[in-house]
Amino acid sequence: MPFPGAKRWLFIGIVLAVAVSYFAPQFNRYYLGVWTDVGIAIILATSLNLINGYTGQFSLGHAGFMAVGGYFSAWLSLKVGAGIAEAFWFFPLTLIAGGLFAAVVGFLVGVPSLRLRGDYLAIVTLGFGEIIRVIAQNTQAVGAASGLKGIPKLTTLGWSFGLAAVTIYAVTTLVHSTYGRGFIAVCDDEIAAESNGVNTTRTKVTAFVTGAFFAGIAGGLYAHHKQFLSPVGFGWLKSIDIVVMVILGGALGELIEGSLRMFCGRVPLKGLWATLGIVSSAVLLTWLPELLREFAEYRMIVYALLIILLMLLSPAWLFSAISLRRERRSS
Amino acid sequence: MSVPLLELDQATIRFGGLTAVSELSLSVREGELVGLIGPNGAGKTTAFNMITGVYQPTSGTIRFEGRCTRGVKPSKLADLGIARTFQNIRLFRSLSVIDNIRVAARLHNPQGYFGALWRGKGWKQCEAETEKHALELLEIFNLARFRGEEATSLPYGDQRRLEIVRALATRPKLLLLDEPAAGMNPSEKDDLMRLIHFIKERYNLAVLLVEHDMKVVMGICQRIAVLEYGRKIAEGTPKEIQCHPKVIEAYLGAAAV
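Going line by line, the protein sequences match chains A and B.
The first sequence begins at 255 in our numbering and counts up by one.
The second sequence begins at 6 in our numbering and counts up by one.
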């Protein structure tokens, strides 16, 4: 069976999230806040990885889906009023509603645009993200340019980590099933995939809609965490942030797998390391700007350099260089 | 007489001013092994692409099991029973050997999106069956020892065979082989001829074969069609084709006639 014990991992993840949530009040509120951001970042990066990484469709519109889900669930919370919004069953429902709404938008955007390839798809999704931002900026019902204020504080560390575990579970189990090998097949060779019975359009749209759904959930968490939504926060820079997380995460995953292969001779628990890579990159790229607050404005320069470096010195290159040196030494 | 499995009726395809395939009529019956030959650029691969739905014919019709295939997606045609291999090998490079087979076996695994997410009993059973079936296929073709390796790390000849095995995993009725012997040495070619014969008998397939190697084509095909500049110039048994004046002209030049 591909990737056995997935449900056990999910169970462990949720138990850990609940436990962390239980002890949370004893921690510094600032740290709690940043770690909640980390959970949201994990959801965003993992879901984008399904689209950009596994299915190979370069999307730059993830912040747009996050905005759609965030605004929708925040609007719901504000609409129903404090009485119902405080009820324990309401928050998951509003998150799911935001996710579903983002998924529907993902479907509407995906069906026409996924016919495009590579750069064209990137441009269309980038444009989509900007359209969402402009719509939010001009819609009075969601606060227009001044933003949506007074959203109830419902997101806790437990929700953020728990849903991160659910997202990881969903993407990992999907990709590690016979059904989900179709995503990777589409990424590798669309013509071969199609001629072997994989409906490439449907597969791409499925990946896109799934990614949008989880981005919408992340948006809902974000809205009820910051208690304030502003269109500026969902610009294309936010999408780039998530893309960088995915790229760095992929590289870190390869790095871990490569080290294991080099030092253990084989890779145990295959499939886990790619996930670990994404998680560590989400942790790293959420904490770094926090730690380097004074230099926050230079973040984009650092990202650009990081991407250039990762492209030039990919882990695959690193390992081939190391093994080459070893061979030379032994001969 | 029963309806042929595959029937091309005056199929024509134009790309701008170029007519790549012109009024091609050809039929393949169940269990038949038909060869399609012709000089480079004669339109053989284009004909394959029309049959598998990658291109739509500009005019004329293609029928599979009596049904017109116009507008049907390649993936749907694969589901209906048309499988193919490619002239330049197209394996899924980031998937292992067995996963390449699993992608093709997906058609016969009833578990979809939510099945994969939920991972219930039914899903586990279907996954186990798919894996067993894929392994059996790999074993028949002596590729089981490579099962966990990356598909593109295999030796060239094995990659070609893996592509054929992958096509078989869709459980086709008609198999299209696009130059399967390309780049093989004579002994590998002999093995390939045996292999094609074996799969045809074992899975009761109809095979349409594009090949440049005359020894292979003449050795295994029951019937051969010859294309030149997109037109069919001859069709018949290997014997008839070998002494057909137009074929000799196309292949050897007019002076040889």
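Think of the hints as simulated: they come from the structure by calculation, not from any bench.
Take the hints with a grain of salt, since some may be wrong.
Chain B regions said to be covered by chain A (calculated; three or more residues, Cβ under 8 Å) [to be verified]:
no.: 1; stretch: 77-90
no.: 2; stretch: 95-103
no.: 3; stretch: 186-200
no.: 4; stretch: 228-242
Label pairs and their computed distance ranges (CB to CB) [as the list claims (entries may be wrong)]:
no.: 5; chain 1: A; residue 1: Met516; chain 2: B; residue 2: Gly241; range: 57 to 63 Å
no.: 6; chain 1: B; residue 1: Ser99; chain 2: A; residue 2: Phe342; range: 40 to 46 Å
no.: 7; chain 1: A; residue 1: Tyr285; chain 2: B; residue 2: Gly117; range: 39 to 45 Å
Yeah, the Cβ is synthetic: ideal placement off N, Cα and C, and Gly gets one too.
Against the structure, the hints:
1. For the stretch 77-90 of chain B, the stated coverage by chain A holds: 8 residues have a C-beta nearer than 8 Å to a C-beta of that chain, and at least 3 were required.
2. Counting residues of the stretch 95-103 of chain B whose beta-carbon sits less than 8 Å from any beta-carbon of chain A gives 6, enough to reach three: the coverage restraint holds.
3. Chain A is given as covering the stretch 186-200 of chain B, and this is violated because 0 residues of the stretch bring a CB closer than 8 Å to a CB of that chain, at least three being needed.
4. Given as covered by chain A, the stretch 228-242 of chain B fails the check, having 0 residues with a CB less than 8 Å from a CB of that chain where 3 are the minimum.
5. Taking 57 to 63 Å as the suggested C-beta distance range, the pair Met516 (chain A) and Gly241 (chain B) conforms, at roughly 60 Å.
6. For Ser99 (chain B) and Phe342 (chain A), the Cβ-Cβ distance of about 43 Å falls inside the hinted range of 40 to 46 Å, so the restraint holds.
7. Checked against the hint of 39 to 45 Å, the C-beta distance between Tyr285 (chain A) and Gly117 (chain B) comes to roughly 42 Å, which is consistent with it.
In summary, the structure is inconsistent with hints 3 and 4 from the numbered list given earlier, while agreeing with the others.
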